[in-house]
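There are 2 protein chains.
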Amino acid sequence: MTLPFKKISIVGLGLIGTSILHAINEKKEEVITYAYDIDQRHRDVVSRMKIATFVCNDIHDAIEDVDLVILAVPVGSMKSVAIKISTSLKKGSIITDTGSTKNSVINDVTPFLPNNVYFIPSHPLAGTEYSGPESGFSTLFENRYWLIVYKKETEQTKKLATFFEKLGSIVEIVNAEYHDKILAITSHLPHLIAYTIVGTASDLESDLKNDVIKFSASGFRDFTRIAASDPIMWRDIFLNNSEAVLEMLQRFNEDLLDLQKAIRKKESEKLFSFFSRTRSIRKKIVEAGQN
Amino acid sequence: MTLPFKKISIVGLGLIGTSILHAINEKKEEVITYAYDIDQRHRDVVSRMKIATFVCNDIHDAIEDVDLVILAVPVGSMKSVAIKISTSLKKGSIITDTGSTKNSVINDVTPFLPNNVYFIPSHPLAGTEYSGPESGFSTLFENRYWLIVYKKETEQTKKLATFFEKLGSIVEIVNAEYHDKILAITSHLPHLIAYTIVGTASDLESDLKNDVIKFSASGFRDFTRIAASDPIMWRDIFLNNSEAVLEMLQRFNEDLLDLQKAIRKKESEKLFSFFSRTRSIRKKIVEAGQN
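Chains W and U, in that order, give the protein sequences.
Residues in the first sequence are numbered from 1234 upward in steps of one, following my numbering.
Residues in the second sequence are numbered from 1234 upward in steps of one, following my numbering.
Since the hints were made in silico from the structure, they are not lab data.
Which copy is meant is left open, because identical chains are indistinguishable; a pair holds if it fits in one copy or across any two.
Lysine-lysine pairs mimicking PhoX-like chemistry, simulated, CA-CA at most 25 angstroms apart:
| hint | residue 1 | residue 2 |
| --- | --- | --- |
| 1 | Lys1399 | Lys1384 |
| 2 | Lys1384 | Lys1312 |
| 3 | Lys1442 | Lys1503 |
| 4 | Lys1261 | Lys1239 |
| 5 | Lys1442 | Lys1517 |
| 6 | Lys1391 | Lys1323 |
| 7 | Lys1447 | Lys1385 |
| 8 | Lys1442 | Lys1384 |
Note that the structure is a prediction, hence the values are computed from the model and not measured.
From just these sequences and the hints, can you work out the full model?
Put into structure tokens, the structure is as follows:
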């Protein structure tokens, strides 16, 4: 059960970054971890929690001597981080990221990395509505997919996949464009819609708004949970996966318009058959064990 | 802790109806319950589970001798049930319903009830995505709001409120129009949107659809749960609260269009401030203890 890396750097100490640290520590192996975040408060919290071997005030100190660098920053910050670390990376080291968009990260990071390191983009399909260094926990990745983007399997991709598996994940290989499409419909669009409806509710007249909060029945309550996620992370996702999101949004809008018309025209049959159809997708998800 | 009714009839043996039976039985009091459903299978299941004193094959047998009749049928069936029971109700008995729309139920039921009974509409804000007689459980109403519609407090409204409280609910008085508006935004619109996005996903090309199911990350998974709810119940809700739903839907569409434009134009500031604002609503809901 030995982790395939002995020196690991985590850049970005939010939910994902600190969860990786917790998960590494659970293994009780002799791994040296270097933790860095641009935010002093995040570094202080991680120092106090004693979940990294070293908490570095300088990003270069955190990465120059490691076998694996994990960039767990919002996707909008990937480019500036890549520029910063480009001159300090150890020859032969593996760089990965945990961003929710893959095309944009590849475009932002690849040009700035030296030729003697291995950049293998990845994305763990795991998260909660909580963010920040206090929100991490060791079991976040257990039985969750961790997607890796590469075309050819190499010694490095195998090592990285093994590492993610040791953290509890199920590893799958995807292509970047396909990843961004899948995520647009399974994650990005649902978040956009949840943000929208909670925003619509927060614009209601004040009496109505207070009672909406008081009587928030199951549907809305779930949406508010989703819409409580980190605003920086989500701003960056929508800016960096806009094409796929806008395409899915267009399909969604057409379908919603259809239902809207059916309600207006009181088309009973149409509504019933639509609401029956969606049950089968839930059934498949439950069967696939992802519920 | 004595229940204020000794003979209670439950018409409609789905999630809500059977949960009421379970909750009454938990009290271990000498209450006689009469259960009826138009569907033979539902009656058979309830007979086998032995959760009602009598399971009646004729709706008249179920209601003619009771102090309280609870109509727990889809809101689209309220009218036909009201017509059926109108001649058999006991003088002085209380009739309530559990429908998710209140204006339509009042319009559908009131004209057919005799003057010597008391119709007091109500709505428990409780449910799951499961439906049918097997899905009920005794704690469904615990600490959940049960809204009652009346203008003047009477002996009958007090008895009904006490009954709901004994089942574990928090009772609140609302007006029918206001109820329908609140529910449009907290429950009906979220369900409509969840149904839409799951429908959009199920129209994707087959490879993409299979991977959407496989990799359904948190956002989409929550939506499929919501969109697995009973299609008859939800068809009826949209047909019977169309005005309030369409009004809220229009506001939602305007907000979504706004965000769509912000994504297309890459308006970073606007996205960030929108996503930050919605967090506060979640915070208030958590504080209100409804999470």
